[in-house]
Structures are given as structure tokens and as C-alpha cells.
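K.L.:
The primary structure of each chain is shown beneath.
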Amino acid sequence: MSGTHKLLVANRGEIAVRIIRACREMGIDTVAVYSEADRTAPHVLMADQAVPIGPAPAAESYLRGERIVEAALATGAELVHPGYGFLAENAGFARMVEEAGLTWVGPPAKVIELMGSKTEARKVAVEAGAPVIPGLNDPVSDPAQLEAFAAEHGYPLLLKAVAGGGGKGMRRVDGPDELLPAFERARSEGKAYFGDDRVFVERLLVRPRHIEVQVVADAHGAAVFVGERECSIQRRHQKVVEESPSPVVDGALRERLGEAALAVTRASGYRSVGTVEMLMDEDGSFFFLEMNTRLQVEHPVTEMVYGVDLVREQIRIALGEPLSWRQDELVPRGHAVECRIYAEDPLRGFAPSPGTIEHLTEPSGPGVRVDSGVLPGGTVPLDYDPMVAKLVVWAADRGTAIERLRRALGEYRIDGIATTLPLFRMLVDDPDFRAGRIHTGFLDRLLEGERAEALRRGPDAETEEAAAIAAACLATLEAGRLPDDPWAHAGERSWWEEGLRILHGRFPR
Amino acid sequence: MSGTHKLLVANRGEIAVRIIRACREMGIDTVAVYSEADRTAPHVLMADQAVPIGPAPAAESYLRGERIVEAALATGAELVHPGYGFLAENAGFARMVEEAGLTWVGPPAKVIELMGSKTEARKVAVEAGAPVIPGLNDPVSDPAQLEAFAAEHGYPLLLKAVAGGGGKGMRRVDGPDELLPAFERARSEGKAYFGDDRVFVERLLVRPRHIEVQVVADAHGAAVFVGERECSIQRRHQKVVEESPSPVVDGALRERLGEAALAVTRASGYRSVGTVEMLMDEDGSFFFLEMNTRLQVEHPVTEMVYGVDLVREQIRIALGEPLSWRQDELVPRGHAVECRIYAEDPLRGFAPSPGTIEHLTEPSGPGVRVDSGVLPGGTVPLDYDPMVAKLVVWAADRGTAIERLRRALGEYRIDGIATTLPLFRMLVDDPDFRAGRIHTGFLDRLLEGERAEALRRGPDAETEEAAAIAAACLATLEAGRLPDDPWAHAGERSWWEEGLRILHGRFPR
Amino acid sequence: MRWVIRTPSGDREFEVERRPDGLFRVVDGERERLVDLVRLNGSLSSMRCTEDHRSWKVLAHREGRHWRIGLWRGDVALEVLSPAEAVEAESTAAGSGSATVKAPIPGKVVAVKVAEGDAVEPGQPLVVLEAMKMENELVAERAGTVRAVHVGAGETVDAGTALVEIGE
Amino acid sequence: MRWVIRTPSGDREFEVERRPDGLFRVVDGERERLVDLVRLNGSLSSMRCTEDHRSWKVLAHREGRHWRIGLWRGDVALEVLSPAEAVEAESTAAGSGSATVKAPIPGKVVAVKVAEGDAVEPGQPLVVLEAMKMENELVAERAGTVRAVHVGAGETVDAGTALVEIGE
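Protein chains in written order, with our numbering: chain F, 1 to 509; chain A, 1001 to 1509; chain Z, 2001 to 2168; chain U, 3001 to 3168.
So here's chain F without its partners, still in its complex pose (with noise of 0.2 Å):
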């Protein structure tokens, strides 16, 4: 029963069990490496194998690529998959990978080092004739250069950490008295999360669409784009929901979309599935923003509407076998929505939740998919990205995805930890969203106004009172329990509810 492949995979959380479930398909062994947080996580109990490497901080653990290589060498694996994050685009970690004789599942480790690079980037997109947004080709080494673009090119500025990726590092600029302090947090995010603090400046378009286009390339020489799509809900730089197809990407942009992504491609030398970045314009003009040279966090959108399977290519083209797809086999159905599910609090300004997930119930039925990395009992760890897991809908068009989703949202609890959920449920009666007039500051804008309060104030008026009638009856049945004090304290709760607080605590979940 055992498989003809091993794979070990550098990653926790929803991304682990993705690409374990890829590997059980395709009767390929896996291997879990995990941290002291995560000992009886998800991705831990699912993989046919699980390697301890190291104590809860990622810096100890799922960042330590040594110990990684090690854990696939003691356990006989010989592909190694990095998910995204972590060490999904540290070149010297592929480069180790491959040097230990094993087989990198994502591009070959210079593609990652010019691509991740994102001035060499720049240049590499300028030589495939795909346009470029406006900015300085080398990082700020000092605040006068920023100065003096913004006097060329105006405000808004945008400042980005090198190295940085997922909205951390990213700052805007609206004048001259915001500059410094930017350049500053910018510089020390920078040096925090990635260990480095040089700076990139750029133009910023005032309401940008987040576009991207799926690339895969074989070893072989193929190349193909599988679609677009629009992620232009972002909160803090960081998407929060993403689309395919894009509201306002027709047949020929979405053309002239993918040529330029698969020239960019081409011209990096890239192999494995991988994506490339656009802002688009008011006007429908696009510019190349960067590649991931990885999977992508959205990758089911695209999978719903193509009928795809991107994991499973990107482990059949590091095996070396061919692309499954021509260009012209790829072809779009329907409409797909993803809401990453972030244990944050949106009544708190998005403060993070972390904690143990009480009650979970999760939505399913027609055109609803869940990629989860949490189980009901689990922790969620303070040490790592916050998203719990990805709700996608599919449907027949845009419209019916979105009340699928309201649907799907209506099913979907979480009990324990606060999570977006109530910011999704907000976001499917937004006109503005339902139009599809969305841009990258739309959800940021969107919190600032009177939905914010909206938020606050909870579901309807009927809803409200539902509420009210279950607690006080609620209250009832549990203040019968109690003859002598209605009002069960910490030390005075009824004997049953002690027993299952205590039988929770005593086992670590």
C-alpha cells in the first residue's frame, strides 16, 4: 500500500494539508515536519510520517532549513514541497534541498533569487516587454532619493521591504510629513520578519485593481497561464479575498494578461507552477508588480474555474513529467470566490485571536470548499500567520457565487476565537462589492464608514431578538440547575460544566 514517492512538506496549517491530500491521491508518501506549538496539529496527524524540529517560534522551527533537509534525509523522502511562506521563496533553502540530493517542488533556486529580487525582477520584465510601474530600479539607502521622486512622480509614494511579501513591509505614503516615519517602520518590519532592511520605492496608484495570472512551465519547455485573478480585497496590503475570473478582465485583456505573465516567465526561465503579479488601472492599463515564484495562499479559485489540480501539476513537473494541459484545453467556467479565515478580532481593528477552537462547524453542500488548517479542540498558535483556514464557492457566474458565500457564511462557526467571519458576512451586502467596483483600499474604506458600525452592531433586528429569546431561555435551563444562585461564577458553575472544563483541560489538544 505504500507509495512509489516520499514527500516531506516544509509547512504547517490549511497549505500542509493541501498538499498532503495532493499526495494521497497520487499514492505519494508524506512526511510532516512540525513545532513544539504544533504537536498534535492538522498536518501532523494527517501525513504518513511526523518529525519534531524545533520550539514554537518559526525562526526555531519552520524556518530552520537544516533541519528540515535532515527530516527528509532520516525519513527517506525525496521531494521536498515548501508550501508558501516560511522558506517557500528562500533561494539558499532550495539551493540546500537540492544539494542534499533531494528534488525542490517549485522553481529552480536562481529563478527564486532573480525573481525574488525586486529590482532584478524589474529588469527582467522590462526585457520581456511586459510594462512596469514607475519606481526606482535600486533600493533607498537614503531618504533624500525618496524626496526627490516624490518630487518627480508625486504622491502617493509606496515604500516596500526588498525581501519583503503578504503585506508585511508594505507602506503608503500620502506626503511629505509621512515619509520619514514610513521609511523607518518600513525599514524595521523589513529587518524584523525578513532579516532585512533595504527599502523600494515605487508610484501608487491611487485605486489600483491586485490582478494576478496562474503560470505553470514544465522542464520540458511548456508554458501555460491558467486565468487571472482579482485580489483587490486586501486589508493592510494582506488580500482577504480573491476572485477568478476578475469582474472587469475580459477575453482579449485577459489575452494580452497572459501573454505578459507567460513572457515574464519565459524570459526568468521558470519552472513549476508560479504567479505573476499586474496592478491594473481605472482606465484597464496593467503593470507588472512581481512574481511568486511559489504556489499561491489563492490557488483554489483558479482550480474551481479551469478544473485544475495545481498541486498535483506542481509535484507531476518537479517529477519531471510533462504539462497535462495545452493552452487551448484551458478553458473558464464559471465564477470562484475565496475569504481567508483569520482568527482576528474585525470589532478590535483586527487584533489577532489566538486561542482554542471550541466549536467548529464547517459549510459544504454544492460549490462550497474548505481548506482548513484547524481542527475542532485545536489551538490556534499566537506564533504563526493567523489565517485558520479558506473558504471557496464556486457557481455558474459572479451573482449566484456571492449568495452561495452568503450561504456558506451563514453555515460556517467558529467558537472559541473571533475570527473575519462577521466582516464576511458584511462584505456579500456590500453594493459595491456585489458590482464588483472593487480596488485595493476598497476594504479599508469600507471600515472607516457607517458599515463599520454596522459591524459593531451585529445581524438584524429579528436575528437580534432570536438571540435574545434563546439566551434568556438558555439562562433559565441553567439557572435550574442551581436552586440556591441563579448566576453560575467561576467557582459555582453546576458540577456537570466543571467536569467538562476540567476533562478539556486536562488533556493538551
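Hints are not guaranteed to be accurate.
Stated by the list, open to error - Dumping the calculated DSBU-like pairs for lysine-lysine here, alpha-carbon to alpha-carbon at most 35 Å: (1) Z:LYS2108 x F:LYS191; (2) F:LYS123 x F:LYS110; (3) F:LYS191 x Z:LYS2113; (4) A:LYS1191 x A:LYS1123; (5) F:LYS191 x Z:LYS2102; (6) U:LYS3113 x A:LYS1191; (7) F:LYS6 x F:LYS110; (8) U:LYS3102 x A:LYS1123.
As the list claims (entries may be wrong) - Listed below are several chain U residues computed to face chain A (Cβ distance under 10 Å; list not exhaustive): (9) TRP3003; (10) SER3009; (11) VAL3026; (12) ARG3039; (13) TRP3056; (14) LYS3057; (15) GLY3070; (16) TRP3072; (17) ALA3077; (18) GLU3079; (19) PRO3104; (20) ILE3105; (21) ASN3136; (22) LEU3138; (23) ALA3159.
I should point out that these hints are in silico values taken from the structure, not numbers from a laboratory.
On a predicted model such as this, the values are computed, not experimentally measured, just so you know.
In this text, a Cβ means the ideal position worked out from N, Cα and C, and glycines have one as well.
Guided by the hints, dock chains A, Z and U onto chain F, whose structure is given.
P.N.:
Relative to chain F, chains A, Z and U alone:
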């Protein structure tokens, strides 16, 4: 926030949940009806309103049409959706609904009546030019007729209760000795379940495939077919696994099947979604079997392959809207397989296994859909059909779909009741199933052979060893809590187990 | 039993009685409802109003008097109080002139942006806290004057630790 | 602690000891394993063998000495016995010459196909029981002679009710 329409679901279990989900996505309010056994069933929890209609036995609740109509009138529902089973093919109920001024989500009562009679349906098919299987045109009143038919066409024969369906009231006869007892049994089951003891006889194809064609017709004269489903994996004439497309149907054969099905659909004056069932011989010739004038249990495989929502379409058509698709827009993509999860014990002759679901983990991730009618902690009542959920997977091709099914079955855990999950885990490894070499007697034959012994033995040696180690550790852990006697008998459980047991027992579920 | 339910849109008072048949009689002013509420697995309940047949799947989470009720259209945060407690809570809330800004999560203080005596406006950054790979700015919810600063940059704090006091 | 684990393919004996570090030392003949088993929510546990890093999600369901362990590749039914119990259980099973056919589920007896004194073959129908809309034939699992019939057609029976006794 209220919808513009309100629909009553005259059913329970997973199909009631499926219909409520479709309504949610269409902005239609929902009314559930329920028996005493279903006071806290999922469909009751999900609907906007819920009306009790009687005690547990179906004959006193879900089959009481007049109470259901009363419930619709009392709650202001204008639409009634019957699901499948119960009153779905009861023309009298359809008529009662329409006479009360409500809208029936299904074909006109007279079409239900026409196609519900096997003899009339056969005449319609003959007139429409569809091939039919040799058989007597009228019910058998005298065993002598049976003997005469057998003398002319030979054995095996099939006896079918006139009003039967879903495998109830069907008997295979292999020789003269079995003729009379089988006739008696078919009559008695017909009488018991459908109140009609008339029985029909026809030639039985020896290793036929059961292929059915999904049709959809609107009120404006348009009709399309949405590919075929292969339903050959059956047990006692009850479908267990269905897939789309059929492994033996190519484009040309699909056209011929579709045209025959549409001819019958048009000739019957059909309107709504419906299914034309065909038997296919080993040489690819096919015969009209019957028409199911309702939504089919296995509709999700068609939905996943064609990217359509059949329940939504059914409701749209009942509201008088035109068909959403032209025939040429209905293009199949990939392959879908459905497993019906029954509360039955495959190790004890598929004996029904009602009870409380103590643990439930449903699979998810790419290409997996679960249409479930149960909740963790919920009960499976003895009074109704034992199907608790449907697991449906989609992938780019049949082979990959089967690998995905294996992965999903591995993730699926239902504890507290016996289910058919172990059967499916065995099936995905069967070489004949994997090669698509299936027929309607396939499963019964499979279960006679050494595979049945494998089912009894359980999974492979490595898994058995892991289970033994787990049990030894868990037993030690539990024994450690009872210093005197390591064995926890009923009265000697450790305090927290007892607390948990009482906690569960105290609250009705 | 009498309860004051404090919802985002105001207080409501209910008289609730469990009848021998297991139904709850819920009286709200002149309106009387019969409610069929059954506790299921863990925090899950089913609820139905017998008059209008409205039905809900209820997920209830309780911490002392604070409840969160999850229904199909979203979650509602409530307080459930006895009538006496309601009066008492009212007067406490009204009388308080100062607010304590607490750490919503465990984390590391990256920067403190205010000092004792500073005047602050609503939305003004007070403390930057790092947790879960993000820097989180804690801002003033109301205008006032900083009465005390309890932490310094570099300190690690637990959830609930008082960081800054703001008075009038 | 010593356990005999009775699996479908035979008995295995384990000596299990919980070490101060929380790991389980499991000795099976000459082979020794260190097992990291953690109980999670309800019936769920995680398990890992430290030597070969094999890892499992374990769902355990127990009724007295009978356990069902659910793993990724399927469920395994086991008995967990003390060495003394294992010897005792062995002798009971071997000594018994008769079998009682019980109703596996509650239902209604539709027909009784055998009478006292009949010789039966494995697979021969004994009783037809109706439940959940289906007629279910209960068949003889072994050859023998019907020693007693405890029910008649039309009777409603509970799960576990003895229906027929078959002897040698």
C-alpha cells in the same frame, strides 16, 4: 432581509438540507416540516420556519399530504418541494398542492400519474420511438401468466411492484422454482410499502448496466438533457455508487441516449427536472426502463460534471422562468463519483444501524462535496431510509476521481453507528471497479467472494499494528485513572467519563 | 424567572418560565411566546417559536453574564442580567470617567506612542504591539488625557494586561 | 502494564509503561517502541512512533473490552484484554457448541423460516425482519440444528432479542 418567495420542503434528511441551501442562495424563505423523531434534525435547524406534522412513522407524518398542505397555508409558503421518496411521485399529493393554490416544484400531476404507471410509461416510450425491454404490458393477475411469459422469453425474469421504486418490491427470478415465492414477496412488499400489490414482469438482462439520462424541461416548451449517470453499483436493486459520465458512454452514444430520453420527456408533456432510466446491454444497446418524475438522489454527480445547479433550476422552472441553458452550452468536464453513506452494517448483511452519531468528521478540500443529513450528536431514527449522507468527488478524469474518493473516504469518520464506509474503502481498490467493468449485479457478486472476507478482516497489517499499539496505549492511559481495577465496567468508569456520559444523556439530541 | 437582556440596540426584559411540557413561556411586555428550545451537542441548541413556527440553529457561548449567540445571519453579543444587576451595571458604567486600554492579545510591545499627561484624540495610536507576525496599533477609543502608562517598549505582555489609562 | 490485543489476524501481547516524560514505552516481544500519544477532543488522539516517525490520527471508540480504532486506511475492531482475561476468553469460545441468533436491530418479524429440529446450512434464511423500510433476512452463520425458536411472525423485537438457537 426576507425573500420574495417562501418554499415548504416536504421531506427530511440530506435532500431537505440540499433544497434549503438552494433556497438560501435564491433569497427564498424556507419552511421545514418534521415528525416527532426529527424535532432537532438538521433540516429543522436550517429552515427559517418549521412545522410539526405528526409522530415518527412516515405514514403518520411525511406521508400525510393534507397536514403538509396545511403547514404551507399556515406559514404562507407558496411553493412545495417534495424532494425524492415520500410523496415526490404521488400524483394525488401534487394535485392536492395545486388545488390549494400552491405551486408544485415538479412535473404536472397528470405526468406523474402517467409516468408513474410502468405500463403507461412503457406505452409513451414505445410511441416516442424509444427502445423498450420485452415484458407484459399489464400487471400480472395470475401466476399462469408468469409461467407463459417465462416459457416465451426464458429466465431470468424480473418482478416489480407496479408502484415500487428505489429497489423496493423488486425480485429476480432465476428459475421455475423461485417463480411463486418471488411473486408472493413482491406483492407483499408492494402492499406494505406502497399500498398496491400489483406486480409487473419483464425480461431481465443478465449483466446490464443501469444508465440514466438527466432531463430538464421548462414550461415554455424547451427541453435539454444533461448527460448520463452510471448507476450500476447496486445492492438489492438499490443504488449505492453513481458516476458521471458512464465509463462506457462516448459522445456518439451520449447523443443517442439523450435523444431517446428527450423524445420520452417531450411525449409525456414533462416539465421540471426528471430522469429517464435505461438498461444497457453488454453490446451497448439500451432499453427504456422507467422515468423518475422528480429530483434524483444522485443529481450531484451531474451538477459537478456539467457545472449546473439542478435544484435551483427546478425551482426556477416551477416559478415559470425559462431554461437557463441551451443544449450546446451543456458541456461535460471531468468525472464525478457519488457514494451513498447508509447507516447499515456491511459486516452484518447490511443490517440497518440506527443510533447516535458520537463522532463525525467529514472530508473536504479540492473536489469533495458532502451532502449530509446528520449532525454530530444527532440520531439516525429507525423510521426512515437509512441514507445519512452522500459523498461526491470530482476530478479531471475517472482514475483521479477514484484516487480522490479514496482520500476522502480516509478522512471520513462516522462513529456510534455502523455505515457503508468500509465497503467503499474496499471498492476503490477493486480492479474491476477501477477498470469500469461494472454491472448491476457487480456488488452482490463482489460481496460473495473473498473480498467479503477482506472486509471482515479490516485494513492492512501495518494499519492493524498501529491500531493495536494505539489501543494498548489508550488502555494504559485509562487504566492509570483507576488504581485498583484497570478495567472500567459500567459502574466503574472514571469520574470524567461518567460525567461526560451523563452530560450526553441529559440533553435530548 | 426575570432577565434583562442587554443587546447592541438596548435592554429588553423577559419573564421566562419553563412549563411542565418542557416548553418555555417567554413574556416580553404584553407579548407572550411559547418557545421549544432543546439543547443538543455541546454549545448547540435548536429553538422554535410555536406561534409563528420560526426556527433557529443556536450556538451559544457564555462567559459569566456575557453571551455570544450565533445564528444563521450572524453572531449577537449579549449580556444576561437579573433586574437588580441591570440597575447596578447601569450606574457603574455611567459613573466611570476613565478607561483602561488593555492588551487584546499576548505580544511584545514594540513602541509606546504617548506619555503621561498627553491629550489624546479618538483613533490616536497609543501602543504598537507585535503578535502573530503583525504589528498592531492600539488606538484611543475616546478623547481624554493619559493618566498612566504601565508598559515600555520591549516588554512582553499577556492578554488583558493594562497598558495605558485614559481619563477625562 | 500487560495487554493482550486480539485483532482479526490474531493475538498480540504488549507491555506498556508510561514514562515520566509522558511517552509510552511499548514492548512487543523483543521489539521496543516509544510512542507519543496525546488525547485530543473526545475520542480523537494523535499518535506518533518516535523511532520511525510514523504518525496517525486515531479515533477510538470503546465498549468494555471491545474497541474500534479508526485510522486513515480504515477501522480495526479489537479486544483489549489482561493476560488472565485472554486465557479465560479463549476457553469460553472453544467450549461453546451452540449459537444464539439475535436481532441486530429493532424491527418487526415478518416471517420465521425455520422450526425447531430443522437442520440448517450456513447462509440459510432463518428470520425475515423488517426495519428502516427494508426486509432483512437473517441467515445461519454455521451449519447445525435449530434448538429453539423464540419469536413468531408479527412480533416487534428490540435489538439483541434472541430469535433462534442453533446447536450441533
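K.L.:
If a hint holds in the structure, say so; if it does not, say that too.
P.N.:
Results of checking the hints against the structure:
1. Of the pairs offered as hints, the one joining LYS2108 of chain Z and LYS191 of chain F holds, with about 16 Å between alpha carbons and a cut-off of 35 Å not exceeded.
2. Taken as a hint, the LYS123 of chain F and LYS110 of chain F pair is honoured in the structure, with Cα atoms around 15 Å apart against an allowance of 35 Å.
3. Our distance criterion of 35 Å between C-alpha atoms is met by LYS191 of chain F and LYS2113 of chain Z, whose separation comes to about 21 Å.
4. As the CA atoms of LYS1191 of chain A and LYS1123 of chain A are separated by approximately 25 Å, the hinted pair is consistent with the 35 Å bound.
5. Of the supplied pair hints, the one linking LYS191 of chain F and LYS2102 of chain Z holds, its CA atoms being roughly 27 Å apart against a limit of 35 Å.
6. For the hint pairing LYS3113 of chain U with LYS1191 of chain A, the CA-to-CA distance comes to about 21 Å; that is within 35 Å, so the pair holds.
7. Distance check on the hinted pair: LYS6 of chain F and LYS110 of chain F sit about 25 Å apart at the alpha-carbon level, within 35 Å; holds.
8. Between LYS3102 of chain U and LYS1123 of chain A the alpha-carbon distance is near 47 Å, which puts this suggested pair outside the 35 Å criterion.
9. Among the interface hints, the one on TRP3003 of chain U holds; its C-beta lies about 5 Å from the nearest C-beta in chain A, closer than the 10 Å criterion.
10. The closest approach between the C-beta of SER3009 of chain U and any C-beta of chain A is roughly 6 Å, which is under the 10 Å cut-off, so the hint is satisfied.
11. About 6 Å separates the beta-carbon of VAL3026 of chain U from the nearest beta-carbon of chain A, less than 10 Å, and the hint is met.
12. Taking 10 Å as the C-beta contact cut-off toward chain A, the hint placing ARG3039 of chain U at the interface holds, the least distance being around 7 Å.
13. Annotation: TRP3056 of chain U was flagged as interfacial toward chain A, and the flag holds, the nearest CB pair being 5 Å apart, inside 10 Å.
14. The beta carbon of LYS3057 of chain U comes within 9 Å of a beta carbon in chain A, closer than 10 Å, and the hint placing it at the interface holds.
15. Checking GLY3070 of chain U against chain A by beta carbon gives a least distance of about 5 Å; that is within 10 Å, so the hint holds.
16. The interface hint given for TRP3072 of chain U holds, since its Cβ lies 5 Å from the closest Cβ of chain A, which is under the 10 Å cut-off.
17. Because the beta carbon of ALA3077 of chain U sits about 7 Å from the nearest beta carbon in chain A, less than 10 Å, this interface hint is met.
18. Taken as an interface hint, GLU3079 of chain U checks out: its beta carbon lies about 9 Å from the nearest beta carbon of chain A, inside 10 Å.
19. Contact between PRO3104 of chain U and chain A, as hinted, is supported at the beta carbon level, the nearest pair being about 4 Å apart and thus within 10 Å.
20. Because the beta carbon of ILE3105 of chain U sits about 5 Å from the nearest beta carbon in chain A, less than 10 Å, this interface hint is met.
21. Because the closest C-beta pair between ASN3136 of chain U and chain A is about 6 Å apart, less than 10 Å, the hint holds.
22. Among the interface hints, the one on LEU3138 of chain U holds; its C-beta lies about 7 Å from the nearest C-beta in chain A, closer than the 10 Å criterion.
23. For ALA3159 of chain U, the interface hint holds, since its Cβ comes within 10 Å of a Cβ in chain A; the closest pair sits about 9 Å apart.
The structure fails hint 8 only (numbered hints given earlier).
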